[in-house]
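Peer 1: Each chain, letter by letter, is given below.
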Amino acid sequence: DSGVTQTPKHLITATGQRVTLRCSPRSGDLSVYWYQQSLDQGLQFLIQYYNGEERAKGNILERFSAQQFPDLHSELNLSSLELGDSALYFCASSVDWSDTQYFGPGTRLTVL
Amino acid sequence: QKEVEQDPGPLSVPEGAIVSLNCTYSNSAFQYFMWYRQYSRKGPELLMYTYSSGNKEDGRFTAQVDKSSKYISLFIRDSQPSDSATYLCATLRGGAQKLVFGQGTRLTINP
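Just so you know, the sequences run in chain order A and B.
The first sequence maps to residues 1 to 112 in our numbering.
The second sequence maps to residues 1 to 111 in our numbering.
To be clear, the hints were calculated from the coordinates, so they are not data collected in a lab.
Hints are supplied without guarantee of correctness; some may be wrong.
[What the hints assert, rightly or not] The calculated lysine to aspartate or glutamate pairs, modelled on EDC-like cross-linking and capped at a C-alpha distance of 20 angstroms, are:
hint	chain 1	residue 1	chain 2	residue 2
1	A	Lys9	A	Glu75
2	B	Lys67	B	Glu5
3	B	Lys42	A	Asp1
4	B	Lys56	B	Glu45
5	A	Lys57	B	Asp66
6	B	Lys2	A	Asp1
7	B	Lys42	B	Asp83
8	B	Lys67	B	Glu57
9	A	Lys57	A	Asp29
10	B	Lys70	B	Glu15
11	B	Lys67	B	Glu3
12	A	Lys57	A	Asp96
13	B	Lys42	A	Asp96
14	B	Lys70	B	Glu3
15	A	Lys9	B	Glu45
16	A	Lys57	A	Asp99
17	B	Lys56	A	Asp99
18	B	Lys56	B	Asp66
[Stated by the list, open to error] Every beta carbon over 10 angstroms from chain B, so not counted as near; a handful from chain A, in silico:
hint	residue
19	Thr7
20	Gly28
21	Leu30
22	Asn51
23	Phe64
24	Asp71
25	Gly104
26	Leu109
27	Val111
[To be verified] Pair ranges (Cβ atoms, derived):
hint	chain 1	residue 1	chain 2	residue 2	range
28	B	Ser40	A	Glu82	24 to 34 angstroms
29	B	Ala17	A	Asp99	31 to 41 angstroms
30	B	Asp66	A	Glu82	24 to 34 angstroms
31	A	Thr110	B	Pro14	30 to 40 angstroms
32	B	Lys56	A	Gly16	40 to 50 angstroms
Ideal Cβ positions, reconstructed from N, Cα and C, are used throughout, including at glycine.
Go ahead and model the full structure; you've got the sequences and the hints to work with.
Peer 2: Here's what the structure looks like:
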C-alpha cells in the first residue's frame with residue numbers, strides 16, 4: 001500500500017458526460033500528479049500540483065481540468081467524455097518535485 | 001519518436017533465469033532514471049531510482065545506466081513467479097516535474 005488513495009475504483013459512464021476523480025496524497029506529501037494509462041499510449045503525465053498551485057502540465061486535453069484543495073487532496077475533472085477517454089487514471093504524490101513519486105491504485109474509467 | 005523507447009514484449013522466462021529489461025532515451029537532459037513494477041490492475045510501484053551512470057544493486061535487482069549511449073537496464077537475478085508483472089522505465093529531466101515513461105515490458109516467470 002503506497003498510502004495514496006483514489007476514488008472511485010471504477011467508473012462507467014456515457015459519452016458526453018462529466019466525471020470527477022478524487023485523490024488523497026500520502027501524509028506529508030505536497031505534490032500531486034495525475035497520469036493517464038491506456039493500451040496504445042502507455043502511461044502519460046497529465047498535470048502536477050504543488051501545495052495548491054499548478055506546477056507542470058503535460059498532454060492534458062482542454063476538456064480535462066484539475067485542482068488541489070487546501071487539505072491537499074486533488075480532483076481531476078473530465079468533461080464531454082469520448083470513447084477514447086476510457087483508460088486507467090492514476091494519481092501519484094511526492095514530498096517535492098524531484099522526490100520519489102508514489103502511485104495510487106488508479107481509477108478505471110469506461111466510457112460507453 | 002518517443003522520448004523513451006521500451007520493447008513491450010511480452011517476455012516469458014523460466015523460474016531462476018536472469019532477466020534483462022532495457023530502455024533507450026533520446027534526450028540527454030534526462031538525469032534521473034527509475035524502474036517501476038506494475039502488477040495487473042494495480043498502480044506502479046518504484047523499484048529502483050538512479051541518478052548517475054553505473055550500476056545500483058538492491059537484492060536481486062540491478063539497475064544500470066549508460067548515459068553515453070542513453071541506455072538503461074534492469075537485471076533480475078534468480079527470477080521468481082512473483083516477479084511476473086509489467087516493468088516500466090521512467091526518466092525525469094533535472095528541473096522538470098514530469099516523469100516520462102517507456103511503454104512497459106510485460107514479463108512472465110514460469111514455474
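Peer 1: Assess, step by step, whether the Cα of Lys56(B) is no farther than 20 angstroms from the Cα of Asp99(A), and give holds or violated.
Peer 2: holds, 18 angstroms
Peer 1: Taking 20 angstroms as the top limit, are the C-alpha atoms of Lys56(B) and Glu45(B) close enough?
Peer 2: holds, 17 angstroms
Peer 1: Given the hinted pair Lys57(A) and Asp99(A), is their Cα-Cα distance within 20 angstroms?
Peer 2: Cα-Cα ~18 angstroms, so holds.
Peer 1: Could you see if the CB distance from Lys56(B) to Gly16(A) stays within 40 to 50 angstroms?
Peer 2: holds, 48 angstroms
Peer 1: Given the hinted pair Lys56(B) and Asp66(B), is their alpha-carbon gap at most 20 angstroms?
Peer 2: holds, 12 angstroms
Peer 1: With respect to the beta-carbon atoms only, verify the hint that Ser40(B) and Glu82(A) lie 24 to 34 angstroms apart.
Peer 2: holds, 26 angstroms
Peer 1: Within a Cα-Cα threshold of 20 angstroms, do Lys57(A) and Asp29(A) meet the stated pairing?
Peer 2: holds, 19 angstroms
Peer 1: At 10 angstroms, judged by beta carbons, does Gly28(A) keep clear of chain B as stated?
Peer 2: At roughly 17 angstroms from the nearest Cβ of chain B, Gly28(A) sits farther out than 10 angstroms, so the non-interface label holds.
Peer 1: Confirm or reject: Leu30(A) is not an interface residue toward chain B, with every Cβ-Cβ distance exceeding 10 angstroms.
Peer 2: Nearest chain B Cβ is 12 angstroms from Leu30(A), so the label holds.
Peer 1: Take the C-beta atom of Ala17(B) and the C-beta atom of Asp99(A), compute their distance, and say whether it sits inside 31 to 41 angstroms.
Peer 2: holds, 34 angstroms
Peer 1: Confirm or reject the statement that Asn51(A) sits farther than 10 angstroms, beta carbon to beta carbon, from all of chain B.
Peer 2: Correct as stated: the minimum Cβ-Cβ distance to chain B is 13 angstroms, above 10 angstroms.
Peer 1: Beyond 10 angstroms on every Cβ pair: is that true for Val111(A) relative to chain B?
Peer 2: holds, 19 angstroms
Checked against the numbered hints given earlier, the structure breaks hints 5, 6, 10, 13, 25 and 30 and satisfies all the rest.
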